[in-house]
Amino acid sequence: MTAAPEQVDVLGVAREQVLEQGVGLSEEQVLEVLRLPDERIPELLELAHAVRMRWCGPEVEVEGIVSLKTGGCPEDCHFCSQSGQFPSPVRSAWLDIPGLVRAARQTAETGASEFCIVAAVRGPDKRLLSQVRDGIKAIREDGNDIQIACSLGMLTQEQVDELVDMGVHRYNHNLETARSHFPNVVTTHSWEERWDTLKMIRTAGMEVCCGGIIGMGETLEQRAEFAVQLAELEPDEVPLNFLIPNPGTPYENYPVVEGPEALRTVGAFRLALPRTILRFAGGRELTFGDLGAKQGMLGGVNAIIVGNYLTNLGRPAQQDLDMLTELSMPIKELSKTL
Amino acid sequence: MTSGLGAVAYCGFCGKASAEADHSACASRLGVIDPPRFCAECARRMVVQVTPAGWTATCSRHGEITSAR
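Line by line, the protein sequences are chains A and B.
Straight run, no breaks: the first sequence in my numbering ends on number 339.
Straight run, no breaks: the second sequence in my numbering ends on number 165.
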């Protein structure tokens with residue numbers, strides 16, 4: 002009679018592999034974490050928090066974002082209320098330079114070290130890049146030395162070089178979801194095109210910010226696939242969004258990701274990406290409410306977007322800053338890298 | 097300028113007449129997750145600019161409203 006093979010517990014393995022050695026979980030291991038029962042979520046979050054503290058430290062990176070060009074996008078990202086291809090109530094709008102300067106100032110006043118300028122476009126044209134250049138110049142002339150990131154869609158090498166020249170230190174370009182699920186979400190461009198832009202950004206020396214949205218009909222397997230595809234990219238930052246089912250989009254009737262599932266995802270992504278800045282982004286208010294946001298911050302997250310998002314509203318910045326104070330989590334200072 | 101989320105003829109979230117349907121689902125999002133997208137007086141779609149600390153919404157007929165915060 003032979004003994005039954007011993008069941009290997011994924012959190013036990015993660016404690017040694019991720020916490021002690023700093024090696025992220027594999028796709029199969031992430032999937033196991035995503036399948037953990039609800040009663041093991043506290044244990045998962047505790048481990049994810051320990052990993053974050055060990056490999057990233059206690060500081061929290063705070064960021065504000067603003068939409069420079071809203072709506073009218075030619076792409077068909079099914080989650081996005083800014084696509085011109087769906088009957089969304091979002092109308093096109095351009096933020097002028099004084100408005101951009103004010104938004105940057107409001108962000109800096111929260112103690113944030115990052116300000117991201119975003120445009121709903123396939124990629125920037127000359128007019129948009131010129132607006133970004135003028136905007137950055139005006140922000141600096143306002144005496145604001147906040148670090149500036151951009152998210153302007155897919156880039157050419159020439160555009161990458163131009164952004165470096167403007168002093169943009171980080172570029173956001175989300176892969177959004179697993180490669181195998183991407184064609185269900187976007188049909189007007191490919192996952193690979195996004196990947197190519199990300200590679201150019203990295204090579205040019207800008208920091209890479211790349212994440213996605215949870216809750217777009219992907220399977221747990223695809224969620225695990227996405228986590229390791231992000232890990233392969235080695236991004237400096239991963240913003241984790243939860244789907245906000247916006248009116249007029251193909252996903253308007255999708256269910257909101259439930260709190261426990263979202264917390265499992267947060268923990269799993271931290272265990273796949275032990276050294277990355279993992280940022281709470283859009284949808285957390287809907288998915289978690291106030292209590293869950295705190296649990297997430299104690300479950301592997303070490304960065305947040307404060308205030309409003311691009312077309313949706315967030316919690317007042319002060320509410321999040323108070324939460325960080327309550328959790329004794331210091332805000333990362335300007336110009337200090339994690 | 098004030099927020100236009102008070103007594104209204106049209107729902108700022110879905111644009112339908114306030115008296116016409118149940119807007120409880122709209123109310124759970126309006127002002128919490130979403131700024132108003134439709135003018136409360138005429139239901140025209142508004143041009144909305146969200147910023148880190150607030151929003152402005154402009155109706156071509158009835159002008160601009162802004163968030164209180």
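Just so you know, the hints here were simulated from the structure itself, not pulled from any lab data.
Since the model is a prediction, treat every value here as computed from it, not as a measurement.
The beta carbon of each residue, even a glycine, is placed where N, CA and C say it ideally should be.
Hints should not be assumed to be uniformly reliable.
Here are a few chain A residues that face chain B, going by a calculated C-beta distance under 8 Å [to be verified]: (1) Val67; (2) Ala94; (3) Glu286.
Derived Cβ-Cβ restraints for the label pairs, each shown as a range [unchecked claim]: (4) Val24(A) to Val128(B): 37 to 45 Å; (5) Glu110(A) to Val128(B): 22 to 30 Å; (6) Arg180(A) to Ala105(B): 44 to 52 Å; (7) Glu235(A) to Ser124(B): 25 to 33 Å; (8) Ser191(A) to Ser124(B): 32 to 40 Å; (9) Leu299(A) to Ala123(B): 40 to 48 Å; (10) Ala123(B) to Asp162(A): 42 to 50 Å; (11) Val128(B) to Gly249(A): 42 to 50 Å; (12) Ala123(B) to Arg16(A): 25 to 33 Å; (13) Lys112(B) to Thr204(A): 45 to 53 Å; (14) Val128(B) to Glu40(A): 24 to 32 Å; (15) Lys112(B) to Gly13(A): 53 to 61 Å; (16) Ala123(B) to Gly100(A): 47 to 55 Å.
Within a straight-line C-alpha distance of at most 20 Å, the following computed SDA-like cross-link-like pairs (lysine to any residue) qualify [said to hold, decoys possible]: (17) Lys127(A) to Ser156(B); (18) Lys112(B) to Phe87(A); (19) Lys112(B) to Lys295(A).
Comparing the hints with the structure gives:
1. Val67: At about 6 Å, which falls below the 8 Å cut-off, the nearest Cβ of chain B leaves the hint on Val67(A) intact, so it holds.
2. Ala94: holds (5 Å)
3. Glu286: This hint holds: Glu286(A) lies near chain B, its Cβ roughly 6 Å from the closest one there, short of 8 Å.
4. Val24(A) to Val128(B): 37 to 45 Å: With Cβ atoms ~41 Å apart, the hint holds.
5. Glu110(A) to Val128(B): 22 to 30 Å: For Glu110(A) and Val128(B) the Cβ distance comes to about 23 Å; the hint holds.
6. Arg180(A) to Ala105(B): 44 to 52 Å: holds (48 Å)
7. Glu235(A) to Ser124(B): 25 to 33 Å: violated (39 Å)
8. Ser191(A) to Ser124(B): 32 to 40 Å: holds (36 Å)
9. Leu299(A) to Ala123(B): 40 to 48 Å: violated (31 Å)
10. Ala123(B) to Asp162(A): 42 to 50 Å: The hinted range 42 to 50 Å holds for Ala123(B) and Asp162(A), with Cβ atoms some 49 Å apart.
11. Val128(B) to Gly249(A): 42 to 50 Å: violated (19 Å)
12. Ala123(B) to Arg16(A): 25 to 33 Å: violated (45 Å)
13. Lys112(B) to Thr204(A): 45 to 53 Å: holds (51 Å)
14. Val128(B) to Glu40(A): 24 to 32 Å: holds (31 Å)
15. Lys112(B) to Gly13(A): 53 to 61 Å: holds (54 Å)
16. Ala123(B) to Gly100(A): 47 to 55 Å: violated (29 Å)
17. Lys127(A) to Ser156(B): Distance ~29 Å between Lys127(A) and Ser156(B) Cα, so the pair is violated.
18. Lys112(B) to Phe87(A): holds (19 Å)
19. Lys112(B) to Lys295(A): Not satisfied, since the Cα-Cα distance of roughly 36 Å exceeds 20 Å.
Violation of the numbered hints given earlier is confined to hints 7, 9, 11, 12, 16, 17, 19; the remaining hints are satisfied by the structure.
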